[in-house]
Amino acid sequence: MEKSKKHIKAFFSFDEEYKEFELLESEHGVPESDGGWRDLPNNSHRRQKHEGEEKVPKRVDDVYNRLSEQFNTDINKDVILRRFRTGSGHNMLVAYMNGMADDKKINEFVLKPLMLYEGKRNAPDELKNDVIEISEADEEKDFYKARMAMMDGIAVLFSDGCKSCLLLETHGYEKRSVEKCENENVVMGPKESFNESFRTNITLIRRIIHTDDLIVESRMSGGENNTRLAIIYRKGMTNEALLEEVKKRLDGISIDVPITSGVIEQLVEDRGLIPVPRTLSTERPDRACSHIMQGSVCLIIEGSPFAVIMPITLFSLMNSPEDVYLRPPLGTILRIVRYIGAAISVLMPGYFLALALYHQGMLTTEVLSTVIASRKMVFEPIAIEMILLLLIFQMIREAGLRVPGSIGQAIGIIGGLIMGQAAVTAHLASSVILIIVAASGLGNFCIPDYSTQVSASYIRMAVVIAAWLGGLLAITAVILFITASLSSTKSFGVPFLAPFAPKTYSKRPFVIRGRIGLHKRAEDYMNTADDRML
Amino acid sequence: MKMRMGRIGLSEAVCVAAIALSTGGVFGIDPVYAYLGGNSTYISMPLSIIVSLLIMLPVLKLMDATKCRDISELFLKSAGRAGGIMLMFPICAALLICAAKPLMAFAQVLHRMVYDGVKYSSIIVFMFPVAVFMAWKGLETVGRTAKCIAVLPLVALAAAVMSSASGFEIYRLFPLVGDGMKHFALFAVSDTFVFIPPIAGLLICGEALGGNEFIRKAAVRSAFIAFAVCFIAQLAISLSFRSGLLAESVMPLYKIGFLTAKQSFVLRLDKLFIMIWLCGALVSCAYCIYSSSLFFSKMLSQKDVTASVAASSLITCTLLLEIIKVDNAVVEKIRNAISYYGALFLIIPLAAVCLLTVIKKRAGRLEA
Chain B
419 MEKSKKHIKA FFSFDEEYKE FELLESEHGV PESDGGWRDL PNNSHRRQKH
469 EGEEKVPKRV DDVYNRLSEQ FNTDINKDVI LRRFRTGSGH NMLVAYMNGM
519 ADDKKINEFV LKPLMLYEGK RNAPDELKND VIEISEADEE KDFYKARMAM
569 MDGIAVLFSD GCKSCLLLET HGYEKRSVEK CENENVVMGP KESFNESFRT
619 NITLIRRIIH TDDLIVESRM SGGENNTRLA IIYRKGMTNE ALLEEVKKRL
669 DGISIDVPIT SGVIEQLVED RGLIPVPRTL STERPDRACS HIMQGSVCLI
719 IEGSPFAVIM PITLFSLMNS PEDVYLRPPL GTILRIVRYI GAAISVLMPG
769 YFLALALYHQ GMLTTEVLST VIASRKMVFE PIAIEMILLL LIFQMIREAG
819 LRVPGSIGQA IGIIGGLIMG QAAVTAHLAS SVILIIVAAS GLGNFCIPDY
869 STQVSASYIR MAVVIAAWLG GLLAITAVIL FITASLSSTK SFGVPFLAPF
919 APKTYSKRPF VIRGRIGLHK RAEDYMNTAD DRML
Chain D
-12 MKMRMGRIGL SEAVCVAAIA LSTGGVFGID PVYAYLGGNS TYISMPLSII
38 VSLLIMLPVL KLMDATKCRD ISELFLKSAG RAGGIMLMFP ICAALLICAA
88 KPLMAFAQVL HRMVYDGVKY SSIIVFMFPV AVFMAWKGLE TVGRTAKCIA
138 VLPLVALAAA VMSSASGFEI YRLFPLVGDG MKHFALFAVS DTFVFIPPIA
188 GLLICGEALG GNEFIRKAAV RSAFIAFAVC FIAQLAISLS FRSGLLAESV
238 MPLYKIGFLT AKQSFVLRLD KLFIMIWLCG ALVSCAYCIY SSSLFFSKML
288 SQKDVTASVA ASSLITCTLL LEIIKVDNAV VEKIRNAISY YGALFLIIPL
338 AAVCLLTVIK KRAGRLEA
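Chains as they are written, first to last, in my numbering: chain B, 419 to 952; chain D, -12 to 355.
Among the clues, some could well be false.
[Stated by the list, open to error] Restraint ranges, calculated between C-beta atoms of paired labels, are given here:
hint : chain 1 : residue 1 : chain 2 : residue 2 : range
1    : D       : Arg322    : B       : Leu846    : 53 to 63 angstroms
2    : D       : Asp51     : B       : Asp674    : 50 to 60 angstroms
3    : B       : Arg933    : D       : Lys106    : 52 to 62 angstroms
4    : B       : Ala947    : D       : Arg99     : 55 to 65 angstroms
5    : B       : Gly935    : D       : Lys204    : 45 to 55 angstroms
[Claimed, not checked] Keeping only pairs whose Cα atoms sit at most 27 angstroms apart, straight-line, the calculated DSSO-like set for lysine-lysine is:
hint : chain 1 : residue 1 : chain 2 : residue 2
6    : B       : Lys921    : D       : Lys204
7    : B       : Lys921    : D       : Lys(-11)
8    : D       : Lys204    : D       : Lys348
9    : D       : Lys290    : D       : Lys169
10   : B       : Lys423    : D       : Lys(-11)
11   : B       : Lys495    : B       : Lys559
12   : B       : Lys423    : D       : Lys320
13   : B       : Lys609    : B       : Lys423
14   : B       : Lys666    : D       : Lys169
15   : B       : Lys563    : B       : Lys495
16   : B       : Lys473    : B       : Lys538
17   : B       : Lys609    : B       : Lys598
18   : B       : Lys530    : B       : Lys546
19   : D       : Lys54     : D       : Lys242
20   : B       : Lys522    : B       : Lys423
Derived by calculation from the structure, the hints in this document are not laboratory data. Glycine residues also receive a C-beta, built at the ideal position from the N, C-alpha and C atoms.
With the hints as constraints, model all of the structure from the sequences given.
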């Protein structure tokens, strides 16, 4: 809402600069990073307002009382506050969330050694070095941060008389194992996909990228809900201005709904009204790594099985991970088929409708007579028929996606074959229109990215409605309008149609698949540090 | 500043200028005047592009010499604010006329031959807002859109010419240069009214192009492309129709396919071709509206071009909606005056600016 207001204001306010983040080189060779997003309030204060305000109480009893009150332990039975004494009689408290932390780990490597410990030194750093048998243990003085860590599955150890506590890495919640990709299937290439586990996803990336400049910057985002996310990039390669811009936009997030990849995409994109995605969501670690290696920034969000890549261009959205695994001629053929499929998907129904409604002279007599014959008994107007069939196709698709696997396939078969045949027999739809809608749907499936598929569906509907209203003239206007919109769109400062419009230095062809040997240099539009070789 | 220039590369600048020049040369001419002396447009039009380029190159040279980043700076330096504004108006007006003329032709053809009997206003309502949108978004959008669609009009032209080649007759080219060389030269100069504004547009948007060298390259390359396009298109038209018929025809390129007796698949695409050419005309319109607005804004030291774009769009829309349907003597006279003497309205202010610059430079009153 705030963003929309800003755009409306910018639209009507003359003589007022609307700043836009720009990543392409300026005359001086340095990207001007004074984007409009920088004017937005930094909402990280909502999260940070408590930080540093609460000190860790010295007495364990005080800690216990305060945590009991703050977590409502009389109601919240999954908050475990375990008071105990060490072998030397020193009071301690370990606090964790049941189910989020691993009980066995806490019993075996925290409670057991401490209860047997008879030493006199009870300061957290001393316990960490001498007693606790957990690899990752950090001292923390901020009580708020300790509480937040608890929520994340970390066990917190408080020692009587100490002003700090120990955060112990004891994550142990249930998670899905690494499984096969569901949405980005490839015949050749790796099969594994991201899952909901933050650590696992980062590991999957680290397993592929072995450069020492890979940075995984962990931070919290999203107002008071504190969603953990990781910004992954290559230090020294990724453009600093881009990185700053991403962080700025993440800091600007102030909503309190749970943040997932889909939500974060919408929150960090430039303009929400344009249907095409400005970030790439992928469930494939190899695809994410390929973009990171080129200087992109990748976001991994806790609880989300997708990595969000930015910036992206239309051509990167149209590329499939499989392209790289095939030889150039084969990859080229697949890509060309994909682009033709996308064009058919967007244009074919509208074009046919325009010819049938306004420009019958452009159809041959044979085609025209076939259309007339097939529509002889159909009661609704051709435009309504086309729109209805497109909607039904979309419904079948949605139904197929939402229901379990085998039933989903059955719905596709029932919807596609039986319903289509029945509709033609019952004169509810004509066979010609059915074929066009089916071809358009198939073309839509050629688009590798799901968000882009949905965008293409919207554009297709706009083209159909335009064709209904004004024939080829209206289609031309809509297509030119969309082209102009895409031309003016930027994804984190990178023009959406780069490297074609604007033309940037690129040895790699953007539609056909070039030789793998050409992947030596990052794309020029990424404006990587020193445009360095990969 | 909200000038919405951004930065466009050489390829975008070449595409947008070439589209504007070609659209002007193929669809933006007044047929009554252009074919007055016979089928000589295939020579006079390309020649006119060269003449336009030769007129604009000295201006560019002076911009170089005076270290001006765009033509508005040159106008301000040479003629001062008041004088510069006076000299600016004919160029802005010419740009808006160039924005409207091809669209007028398209609206007429669509009205007569594609959407039989549909009102002009309905046709314009569909096409003009897109041009306004592009102009409003600024030069980057116009340039990149031009780059995206640049190949399509060329393909459509090639397909239209090839499909109608069987109907070409050499005898239709005569008389070659009308009533003689005098007439021919007159056409070459007077048609510059169509070609100077798009090249001037490059000079107006010079700052976004990143230097005078890029402007020169863009102007020369786009003129070369437009030269080839205009030559092919006008030659195909001249080979297809007698000059008498052409004088009464609004968009002869659209009709060349109709002459071939044999029905072909490509012939059925005639309406598709016109839509593809319309894309070029809309981009050209957006470019001319934006250039005109930018020139105006810079000369008046406005910090925001959008107000000028809104005003320019309104003027162009008025031209489209009103002049297209008025068929009276006054409008006819204005049209004729523009066709015959329009070029002078452009050449005189440009010459005046050049002269003033040279005089001031020699007198040492101009910063080098």
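Outcome of the hint check:
1. Range check, Arg322 (chain D) to Leu846 (chain B): about 55 angstroms between beta-carbon atoms, so the 53 to 63 angstroms window is met.
2. Remark: the range hint 50 to 60 angstroms for Asp51 (chain D) to Asp674 (chain B) is upheld by a beta-carbon distance near 59 angstroms.
3. Between Arg933 (chain B) and Lys106 (chain D) the C-beta distance comes to about 56 angstroms, which sits within the given range of 52 to 62 angstroms.
4. Between Ala947 (chain B) and Arg99 (chain D) the Cβ separation comes to about 59 angstroms, which falls inside the hinted range of 55 to 65 angstroms.
5. Against the hinted window of 45 to 55 angstroms, the Cβ-Cβ separation of Gly935 (chain B) and Lys204 (chain D) comes to about 32 angstroms, which falls outside the hint.
6. At roughly 16 angstroms between alpha-carbon atoms, Lys921 (chain B) and Lys204 (chain D) fall within 27 angstroms of each other, so this suggested pair holds.
7. Straight-line distance between C-alpha atoms of Lys921 (chain B) and Lys(-11) (chain D) comes to about 24 angstroms, which keeps the hinted pair within the 27 angstroms bound.
8. A distance of roughly 25 angstroms separates the Cα atoms of Lys204 (chain D) and Lys348 (chain D); the hinted pair therefore holds under the 27 angstroms criterion.
9. Between Lys290 (chain D) and Lys169 (chain D), the direct Cα distance comes to roughly 47 angstroms. Violation of the 27 angstroms bound is thereby established for this hinted pair.
10. As the CA atoms of Lys423 (chain B) and Lys(-11) (chain D) are separated by approximately 19 angstroms, the hinted pair is consistent with the 27 angstroms bound.
11. In summary, the hint linking Lys495 (chain B) to Lys559 (chain B) is supported, as the alpha carbons are separated by about 26 angstroms, within the 27 angstroms threshold.
12. Of the supplied pair hints, the one linking Lys423 (chain B) and Lys320 (chain D) is violated, its CA atoms being roughly 49 angstroms apart against a limit of 27 angstroms.
13. Straight-line distance between C-alpha atoms of Lys609 (chain B) and Lys423 (chain B) comes to about 44 angstroms, which puts the hinted pair past the 27 angstroms bound.
14. Between Lys666 (chain B) and Lys169 (chain D), the direct Cα distance comes to roughly 67 angstroms. Violation of the 27 angstroms bound is thereby established for this hinted pair.
15. Our distance criterion of 27 angstroms between C-alpha atoms is met by Lys563 (chain B) and Lys495 (chain B), whose separation comes to about 21 angstroms.
16. Restraint check for Lys473 (chain B) and Lys538 (chain B): the C-alpha separation of about 24 angstroms stays at or below 27 angstroms, so the hint holds.
17. Restraint check: the Cα-Cα separation between Lys609 (chain B) and Lys598 (chain B) comes to about 5 angstroms, which is no more than 27 angstroms; the hinted pair holds.
18. Proximity of Lys530 (chain B) to Lys546 (chain B) is assessed by CA-CA distance (about 14 angstroms); at most 27 angstroms being required, the pair is judged to hold.
19. Taking the CA atoms of Lys54 (chain D) and Lys242 (chain D), the gap is about 48 angstroms. The hint is violated against a cut of 27 angstroms.
20. Annotation: proposed proximity of Lys522 (chain B) to Lys423 (chain B) is violated, straight-line Cα distance about 52 angstroms (limit 27 angstroms).
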